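If you read the protein sequences in the order shown, they are chains A and B. Quick note on my numbering: the first sequence kicks off at 1 and runs consecutively. Quick note on my numbering: the second sequence kicks off at 1 and runs consecutively.
Hints are supplied without guarantee of correctness; some may be wrong.
Each computed DSSO-like pair below joins lysine-lysine, with the alpha-carbon atoms no more than 27 angstroms apart [as the list claims (entries may be wrong)]:
id: 1; chain 1: A; residue 1: K357; chain 2: A; residue 2: K45
id: 2; chain 1: A; residue 1: K357; chain 2: A; residue 2: K401
id: 3; chain 1: A; residue 1: K357; chain 2: B; residue 2: K340
id: 4; chain 1: A; residue 1: K357; chain 2: B; residue 2: K168
id: 5; chain 1: A; residue 1: K219; chain 2: A; residue 2: K45
id: 6; chain 1: A; residue 1: K390; chain 2: A; residue 2: K401
These are calculated hints, taken from the structure and not from any lab test. Values in this document were obtained by computation on a predicted structure and should not be read as measured data.
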Amino acid sequence: MVLSPQTMAAVRQSGAIPGAEYLLSAEGVRKAFPGVVALDDVQFKLKRGTVHALMGENGAGKSTLMKILAGIYQPDAGEIRMKNQAIRLASPLDALENGIAMIHQELNLMPFMTVAENIWIRREPKNRLGFVDHGAMNRQTADLFRRLNIGLDPESLVGELSVANRQMVEIAKAVSYESDVLIMDEPTSALTETEVEHLFTIIRDLRSQGIGIVYITHKMNELFEIADEFSVFRDGKYIGTHASTDVTRDDIIRMMVGREITQMFPKEEVPIGDVLLKVENLTLDGVFRDVSFEVRSGEILGLAGLVGSGRSNVAETIFGVTPATSGTISIDGRRVDISSPTEAIRNRMAFLTEDRKDTGCFLPLDILENMQLAVLQDRYTRAGFVQEGKLARDCREMSAKLRVKTPNLYERIENLSGGNQQKVLIGRWLLTNPRILILDEPTRGIDVGAKAEIHRFVTELARQGVAVVMISSEMPEVLGMSDRVMVMHEGRVTGFLDRAEATQVRVMELAAQ
Amino acid sequence: MSSDIANPTNTTAGSVAAGAGTTRPEAIRRRRMPPEFNIFLVLIGIALIYELLGWTMIGQSFLGNQQRLTIMILQVSVIGIIAVGVTQVIITGGIDLSSGSVVGLTAMIAASFAQASTWSRALYPALTDLPAIGLAAGIVNGVLIAYTRIPPFIATLGMMVSARGLSKWYTKGQPVSGLTEQFNFIGSGIWPVIVFLAVAVIFHVALRYTRYGKFTYAIGANMQAARVSGINVERHLVKVYAIAGLLAGLAGIVTAARAQTAQAGMGISYELDAIAAAVIGGTSLTGGVGRITGTVIGTIILGIMTSGFTFLRVDAYYQEIVKGVIIVAAVVADVYRQKKRAKR
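Put together the whole structure using the sequences plus the hints.
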């Protein structure tokens, strides 16, 4: 039986709920996106008055599960029960009415409205004439803040608050719904230590009131400090649930990475030459600091780390998208000043960006145009005119070599599959004839066949003497392809591992300190 | 335009796909019409409707009258010259609201130097026959947009207001007349149409076959990807706005030469007609899509609408109402096309 949110709200208010063992439970949850199964037959059970952490690598399915519980995604299969009643969450509003509130990682507040207005939006207290009663609203907010021990002025503008204080407003807002379940997505990622302590005090207080808290984190020590239980996910599958007092850090890491590497990677030994790219003490203020490494010709350097560790930022800085605040970059032992991508390309670097849609494809343009745009700066033009014939011939050759599946090169790139789009973008960079190739998540969201092909091209390029830096969240890909692995954590390099010593556990230990 | 179909790439790339084990015959068979084809049909349709109404309502042929068509084209040539520049701006994802005012300002200043009695023949032709003032205004627009990152709408709105003010201040509102024969020449006879078509051809070629054109589309399609691809986005945007200003200036000179006088109020709301011509011609306000051929057809549609209503002796008020509806309909059609594409 599926009850409507309104009925559930009424039932909750009457307090006539039979004492169910679990506050919130989900079973057999499945969610597929085009090309990838994000969750496969997953279960999750949250007890009343506990903090339950969700653990897993990037892409393990934690966020997807959470978004299903918050009504943002609709599951393809599975059942969600709130206090033993089956519920359907068709929208975030449904979730709220069922007593589930989520605090998003990216804060969803309106900067030009006051704290109180943000908290009570859509539920503003009204006076007799139907206008918003600001006095009552500010009083309610002050009461709420007193309860949570938050020292903010209800009438201050959200835009003028620090990130930590905005986080507090988000939490107060979620609590104001009198929810039974609070979902927190990495709530400490922007907080200082004292702020984290304050947050934990609030969480413990809420827990003692019987509220169930779902807590997503990458930080192992937080798990032991605040969580009562935790569930581990891996590659969209549920691995297990344990009490956090029963396990050690190593146990958890093993659960997170304990997969067999089944995919075959065509790692071949290719001769490794001289140092091509050398980065010393590279720093981008507030993002990463003191990053130093070198890559040799023919070498593939894997760059591992959790999302937000600064991997992609390092790549963007080396390529001149966000020039460094300090540190040096040398190519062939010669210092270079790379202040823009134009400069990087001139130094024969190429950079396949992480987000195909946002920073890669020119969606309204065709394959040919997409392929040629990085190379027109100084080649294939005569007196400003593009040498169409020659360029089309080379593009055609490249797309045949990369096996782009398309009837012709005049097809719009948005009509291609993800894997073929990626091949076109790789083709764009190969046409520039690079010596240093930076790949950011080169196989994200593409099918297995295209993935294997891309791995083969990368290996082939290494054989030709290209120095490759490959960022990837996929552990098997990093371990399978790289000659060396550099691991980052919170904007710093935490270690290098040679191919022989790089295991999933070692990488994870360095990535989640 | 027909090269899409005629190009032998179809077969070669098709066989590559076949070699990779996935033939998609249905995709190969799908022939692409040039995107202007639909809008061209609309133009023909409108003309035929007028022809029909002409015979039934007033017993005259609409298309049969050569002189009327010539006047119609002459009337929209100035809008067309502006629209060629505005189209390029819109392809980059921007907008230019200043072109009407730049028409007025350039007309005033150029005309004042072209007065038969003037002392400033030394400056000929830079300020008289060359639209240097328009170019300057365009560069200011471009620098503001590219380097301060203010929205194009605001930057060109500011230019629109200031340039209009400047042209009024320049002669304290007095018209400029008594222009030289040389100056008036460019506005005489069929010359405005020739200028329009020459400008259209030049920039059609520039957009389709030069690096300038490729970069213009790339910036509108995805500015961040353009930057990562090594394109100097800022410098290129300045170029595009400078060209739009130059063409607005050229339109100003043609306007003054045609009228053989210049007034501070010249070109009011021309920017809107130019934007309308581009949008009717299939240029997408989201950027990355648009062609000069479409804009030329869009310009002629605007002209034929007005000309047809006058021919049918329809009240000017109705003309404006219908013009507004057509502009909105063109954008609705564009949005609908994009939605359909996104679904595939």
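Each hint, compared with the structure:
1. K357(A) / K45(A): violated, 36 angstroms
2. K357(A) / K401(A): Status holds; Cα separation ~23 angstroms.
3. K357(A) / K340(B): holds, 18 angstroms
4. K357(A) / K168(B): violated, 48 angstroms
5. K219(A) / K45(A): holds, 21 angstroms
6. K390(A) / K401(A): holds, 17 angstroms
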